[in-house]
Amino acid sequence: MSNKLRKLVDKIKPNFQPGGKLEKLHSVFDGFETFLFVPNTTASKKGAHIRDAIDSKRTMIVVVMALLPALLFGMYNVGYQHYLAIGQDAGFWSTFVYGLLAVLPIIIVSYGVGLGIEFIAAQIRGSEIHEGFLVTGMLIPMIVPVDTPLWMIAIATAFAVIFAKEVFGGTGMNIFNVALVTRAFLFFAYPSHMSGNTVWVRTGTTFGLGGGTPVDSYTGATVLGELATASSDNIQVVDVVGNPIGFWDGFLGLIPGSIGETSTLAILLGAALILFTGVASWKVMLSVFTGGALMAFVFNSFGPDTAVAHFPWYNHLVYGGFAFGAVFMATDPVTSARTELGKWIFGFMIGAFAIIIRVLNPGYPEGMMLAILFMNIFAPLIDYYVVNANIKKRLKRATKKA
Amino acid sequence: MANLIKTKRGLNIPITGSPIEMIGKSTLPTDFALVPDYFHGVTPKLHVKEGDVVKAGTPVFYEKQFPDMNFVSPVSGTVKAINRGERRKILSIQIEADAKMTYESFDKPDLKTLSVEELIQTLQKVGLWVFIKQRPYDVIANPNKTPKAIFISSFDSAPLAPNNDYVVGGQMADFQKGIDVLAKIAKVHLGIKHGKQTPFAAVKNVEITEYEGPHPVGNVGVQINHVDPVNKGEVVWTINPQDVLFIGRFFNKGIIDLSRTIALTGPSVKSPQYCQTVAGAGIGYLIQGNLIKGTHRFVVGNVLTGTKVPENGYLDYYATQLTVLEEGSETHELVGWAMPRFRKFSVSRTYFSFLFECKLLSKLFGNLKYKWDTRLLGGERAIIMSGEYDKVLPMDILPEYLIKAMIVKDLDKMEALGAYEIAPEDVALCEFVCTSKLPLQQIVRDSLDYMKKELE
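In the order they appear, the protein sequences are chains U and C. According to our numbering, the first sequence holds residues 1 to 402 in order. According to our numbering, the second sequence holds residues 1 to 456 in order.
Note that these hints are calculated values from the structure, not bench results. Among the hints, erroneous ones may be present.
Claimed, not checked - Calculated pairs, DMTMM-like style, for lysine to aspartate or glutamate (alpha carbon to alpha carbon, straight line, at most 20 Å): (1) K45/U - E330/C; (2) K45/U - E311/C; (3) K396/U - E415/C; (4) K396/U - D396/C; (5) K392/U - E415/C; (6) K45/U - E86/C; (7) K392/U - D410/C; (8) K46/U - E311/C; (9) K45/U - D410/C; (10) K45/U - E327/C; (11) K45/U - D316/C; (12) K392/U - D228/C; (13) K46/U - D316/C; (14) K392/U - D449/C; (15) K392/U - D68/C; (16) K46/U - D37/C; (17) K393/U - D412/C; (18) K45/U - D449/C; (19) K8/C - E340/U; (20) K11/U - E333/C; (21) K45/U - E21/C; (22) K392/U - D390/C; (23) K4/U - E333/C; (24) K46/U - E327/C; (25) K404/C - E340/U; (26) K400/U - D396/C; (27) K46/U - D396/C; (28) K13/U - E330/C; (29) K400/U - D228/C; (30) K45/U - D37/C; (31) K7/U - E330/C; (32) K393/U - E415/C; (33) K396/U - D412/C.
Remember, it's a predicted structure, so these values are computed and weren't measured experimentally.
Okay, chain C solo, but in the shape it has when bound (with noise of 0.2 Å):
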């Protein structure tokens, strides 16, 4: 019997357009693009220029403090563009698709053969290293320092997230191959969601750990923290599910497939379903046709923690859904702040609609669904409001006094409170919740690029 973990500090956000299992679309775009500024801390090399022809699986750049980090081509095409911003600073590498998929052609690794120093050196070689992020700091791994343990939640919390049991499920073979190569790293701790079954409850060569509880504890972070939590010196890799299957793949047929199975999502969305589609593709197809009348934001990633993409923008390599919800930057409520607001959400019952979410009053009433938008329905303000962060934090961290370390860079006291086992995504849920309307991912993410510059 796997270790069972509850939590109960989080939060379930009731916002509508959870996919329906279901492949909508499955036929692939032409226009694919690897946009640098997506991996988060890379400074690009270029191994290509406009017009060369690539195949799924050709580096495209290198990292520039690694140079065996490649970052390869999702597809097979030419390389349409390089465009470049401010200091030529590249910004993305558009590549257009052939109507036929070729693979570049790698020798099929023996996993038995294979160092783990070899094994190393050839995720890199492969393009695969990029989807191996590492504790502190939430980066994509540092290749030269061994981790003590590495950790998939095999299950998505995050808002309208796509079901990995759905999406996972039918290749567990990719998934279970991938876990051996990693496994063959360091220890694999795979978490699953308590009270389901779920095809990962038979994956072998991990110590699995169950768990119950609201958003974020599909969060990887928040699971580190109760099994084996990040200290000072120590580092910790992290990978997503549908990740592991690119591996696996890799050391089953040889190839690089970036083929994934994403989740179009949010209340936009005509009929919020799956779409079969390869990292880095054009999102524009994804959602043609499928969305309701507004202006809508285009989100890669959940409602949390995605980036802003415009309508013509693309995936990036980690996302696994796109969520679309109205802009809302015309709207103006005239003094909101003291009406009722019945269709507004808050975790706090400052605004009575959560009288809405009782049967009966939504019997009588109709059923008033929250309409969500993207504006942050208030202005910043210092934290005046305290307990707040540690309602939806499921990790034996004080979010606000981290935040506030964070805010006056003190490198100590960040340290000592735990700045090491955070990432932006963990705090996205005190962002939401944040009185004073506080950019805490932004935060996060500045500071833990101050220490990583700092200490290393």
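Okay, chain U solo, but in the shape it has when bound (with noise of 0.2 Å):
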């Protein structure tokens, strides 16, 4: 089968080199031709004449496959949250495949639209087409309410292709996460529809699947958005049909939210594989659990009498989008700060920002999203300090000499 492949890449290849009729789709073809095969290019007549195998695409396809725990936890939780919000017991099965068909469409518009519009930024650059819009064309669908638009979704991530990172130069030359930025756009744009109680849960049927009318008791808001708009200072919260839950119910997860944020678990289970692999800074995830953990602590302890600042700072960290930004926005390498104490300082204070916006500003329930892109502005600036620490002592060193 390769070596047939291999043929018929062989045979179609001058076609889309220079001089060749579909030159000017070289990079689409170089793009499928790299996808396929591993590049045969060796290294130069100087240099080092072995390699690492580690490339860019493999390094993408590990943090894509730490994204299925949760990615497929969170198609469950869809069906499980839309029957619980009906009253039935639909079974396994059923649950999950109402879920799976929920969230397909919106994987396939936001690959969709994402990697064509990457296909048309590298044909202009004349570049190679690179692969960071494999992990971010799935954080995307993982951090949007499952019933979202999809022409919304198809909106807002060419905005932030096109914005928040192809106008930057394309792959690790944008300043803000591409996957974020998408977030924000569409929570900046459509508010109504980004907020509020009726788009974490999906009560209609999805290609006719899963009919029937929520229950009385039903109310569609997350855990965070009930204690946004607490009118006491302590509340006990619950899930979408009234029953009390806590901690090990974030923890797993079968909550409203958006698609992939909700189980904990799931998510630490991809984080043991990006921390393994080596492919995610544990220093930037735990430092903004850490800084999450000690905001939410002062505010437990000193913070003002509302029930979101009561709001236990265990459970703040496996509520809301706290688990997810921590695992997978914080640590993505480009946007995040990139000398070793930078990255302690950066996701600090991610974690603490996250728990003010929190805390202290109720038009925002969910302060990860906020507190990640603020602190990517910071990245370069925290990173300016360390590297001009390493400047100056090379200075006092050659002065002292002197």
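Combine both chains into one complex, guided by the hints.
Spelled out as structure tokens, the structure:
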């Protein structure tokens, strides 16, 4: 198979090379060729003649693999929330299939729009197609509410890929995490859709599946939404049909929320993979959790008398997008701080800011997205100071000698 | 007790083909050449023409900027051809060796009466200067600048590198003499490997520092950075321990004897071993009959920093090893980036091949040796991953930022971030691990040349 495929590729290749009929499409062809076959370019005359087998495609595929537990759980949870809301028990497979069918169109739209733009941009630049969107395209469906209209996702994805990434020069050059820009665009462009109680749980049918009407006690609010709108300073948070829930429900993740963010357990499985393989920085991840826990603890102890400030610090870490952001968003190496000391500071500030926004700004029940985007701006500044310390040390050494 | 410096950052690459300690070939070929490109930054001006008879030590060309700096013939024989390329650039000067080696006669210099200026003058005249390199810029040392120190690393930690204890060990008298010569010019630092009986520990007239850690701890650049880093305006000289022998021999015997023991290494060599040869020898006879089947790449030097040469290429003057490995350009791996790839090495754990390094598993499944070839195994990208380089560069330098400054040719930044301290070989491991497959050594080389041109 491999040989036949290779022959086919070799046969059509001349068409895309300079002078060929389809020369203009050579980036697209390269993209497909390098996707199918590891490039056989060998090392130059001088330099390292052997190389580590890792490349950016491998890195990206590992992250995508790490996202799978949370994605699969998210699909199941979409179905679970639906059937919980309409008061039916559909069994495991129907529940999962309902979720799968609800989420799949979002994935297709996200990849379709993003990769399309990526291909065009590579063609315009005349460069190889970069695989950064492999991860972004998977992240986007996981951080949107299930009932987000597909056309909104399409527009937001297009906006993010073009204005947060391609105009900066493509993968590796962006300042903001592309998936989060998509989310932020949705949040600010369509606020009525992106907050409130109607988007988190799909109560209608999906491709004809799962008909029914919500039970009387149904509310579609997320836990953080409940906290933000709470009238007293100490409330018991509940699930969509009014049963009280606590830390372990948030940890396991059968709660309303964006598709992939609800299960801290599934997210931690992914975290284990990207930490073990060395793709993500444990420093960033750990410091986000530390920063968040500490800040929430401070609010628990001294904070204002509001429900969200009284929400126990350990619950803050498992509800909302905190864990997902810490594991998959903050650790994006391109938009995170790049120096080792910088990573500690960067992560800590994200954790702290996320909780500050949750507690002190009732307009935004979820602070993680804004905290990360905010720290994306500051990452280069943090690095600047760390790098400067190295420069100063070298200068001092030189002047001491002289 | 010597100072001990430990580093953890670095990497010993598990590649097969380390030389066993025996001398295989010791007959010499007749085919020798001087390749000016092997001497970085040198503009050659010829002393000889085709047909001239030369002896070992006869000047063949000199450097345009320093007319005293001779590059001499390694053997006695006849200048067979002077090959030129575009714009009459000299590509190589081929010398056909005689059956019997004769040496250019020099007055045996007396170290005691020689002044430092005369010493430097002599080293240039007899062609030994080329072995002394300098930081900054990693080029042949400028004889007009006084170094603050001379650094020698007695051990080579590069992949499959020769064991200098074995290669130099029997010639410690020449080595000590060479050291005495250098010590006359500046303080000599000698780095030795910690925890190992080594003849270098007994060398006099030097300051010894012990080192422990993975490659690149044997790189002299790393050692300089730990002991006495190069600041702006300062110069440090470096020289390979094997080349110290040449200087020692000259002062002991009054001849230029560039014979050396090189290691024949690499996965494609049937029986990796040492060979007795002379600088500038054609490599053909060294590898004859000692290769496994395949499409080979011949690398003069080690697999991380060496230069690719054709099968009929030549050793350069600095080479202490010759590495042969599979070229691999005919390999097409279907979706390799998504495959398990048990025989591919990665320092990250994104391939699960590292599991087979564990003793139990390798017993169960047989010893899966890593397969190496010269493919880049990926496309070039912008720098995406962070912290990769830091893990394999045990120097007080932020490699990613230095490289970025170099890419944009920002002189001030380069200077501030430590470009004076670095040589291409120091970033060789960074290049090896780089996910974005950037040609880091080339970037550093070009930037150092650019700095030298702009700042000197």
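### Task
Below or equal to 20 Å on CA atoms is what counts here, so check K45/U against E330/C.
holds, 17 Å
### Query
Within a Cα-Cα threshold of 20 Å, do K46/U and D316/C meet the stated pairing?
holds, 13 Å
### Query
K11/U and E333/C: Cα distance at most 20 Å?
Between K11/U and E333/C the Cα gap is close to 17 Å, so the pair holds against 20 Å.
### Task
Sort out whether E327/C lies within 20 Å of K45/U, counting only the CA atoms.
Answer holds: K45/U to E327/C is near 12 Å, not above 20 Å.
### Satisfaction of hint between E333/C and K4/U, Cα-Cα up to 20 Å
holds, 13 Å
### Given hint E86/C paired with K45/U - CA-CA distance at most 20 Å
It holds: about 19 Å lies between the C-alpha atoms, which stays within 20 Å.
### Query
Within a Cα-Cα threshold of 20 Å, do K396/U and D396/C meet the stated pairing?
Within the cut-off at roughly 14 Å; holds.
### Pair hint K7/U and E330/C, alpha-carbon separation not exceeding 20 Å
Holds - the C-alpha atoms of E330/C and K7/U are around 13 Å apart, at most 20 Å.
### Query
Taken at face value, is the distance from the CA of E415/C to the CA of K396/U at most 20 Å?
The given pair, whose Cα atoms are some 14 Å apart, holds under the 20 Å limit.
### Query
Under the criterion that the straight-line Cα-Cα distance not exceed 20 Å, is the pair K45/U, D37/C satisfied?
holds, 12 Å
### Task
For the pair supplied as a hint, K404/C and E340/U, confirm whether the alpha-carbon distance does not exceed 20 Å.
Holds. K404/C to E340/U sits at ~17 Å (cutoff 20 Å).
### Query
Does K392/U pair with D410/C here, judged by a C-alpha cut-off of 20 Å?
holds, 17 Å
Hint check: violations occur at hints 9, 14, 15, 21 and 27; the rest are consistent with the structure.
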